[in-house]
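Chemist: With the hints as extra help, turn the sequences into a complete structure.
Just so you know, we're using our numbering here: the sequence shown kicks off at 1 and counts up by one.
Check the hints yourself; a few may be wrong.
[Claimed, not checked] Restraint ranges, calculated between C-beta atoms of paired labels, are given here:
#1 Q32 <-> G71: 33 to 43 Å
#2 L59 <-> R89: 14 to 24 Å
#3 G66 <-> E29: 21 to 31 Å
#4 G72 <-> G47: 30 to 40 Å
#5 G71 <-> A25: 33 to 43 Å
#6 G37 <-> L77: 31 to 41 Å
#7 T20 <-> L77: 14 to 24 Å
#8 G72 <-> A33: 19 to 29 Å
#9 G103 <-> P53: 27 to 37 Å
[Said to hold, decoys possible] Once the Cα atoms are required to be at most 27 Å apart in a straight line, the calculated BS3-like pairs of lysine-lysine come out as:
#10 K69 <-> K99
#11 K84 <-> K99
#12 K84 <-> K69
The set of hints was computed from the structure by calculation and includes no laboratory data.
Quick reminder that beta carbons are idealized off the backbone N, C-alpha and C, glycines included.
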Amino acid sequence: MKPPNECSACGICCDLYGFTLAAEAEDVERWQAEGRGDLLAMVGEDGLLWLNPSTGEHLDHCPHLGRVKNGGSLRALCSIHDTKPLICRGYPTELHGRKCVGGCTFIP
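Modeler: Next comes the structure, spelled out in structure tokens:
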């Protein structure tokens, strides 16, 4: 079992929720300030994330989630970790009992 506040980088939360997200106004403002047109092109009406910038269709997965080998297993890797949406940064919330779907516990 992982100690509190240590993410195991299993990526289960990203797999389950990564396509059901919405950007906050703060996310959009940050991406504008950072010149992240690539991310802004993936934001739909009401902040819906993630859209295919070519077609405008809603993606059924987070396009920023990758996997890297870590010993005998795969570790999840967020390609936009330093600027990921606030909803991702804040997970898991009190609503989830501060426990992620992968079993890690986070104490604020």
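Chemist: Name the hints, by number, that the structure is in violation of.
Modeler: Result: hints 6 and 8 break, sorted rising.
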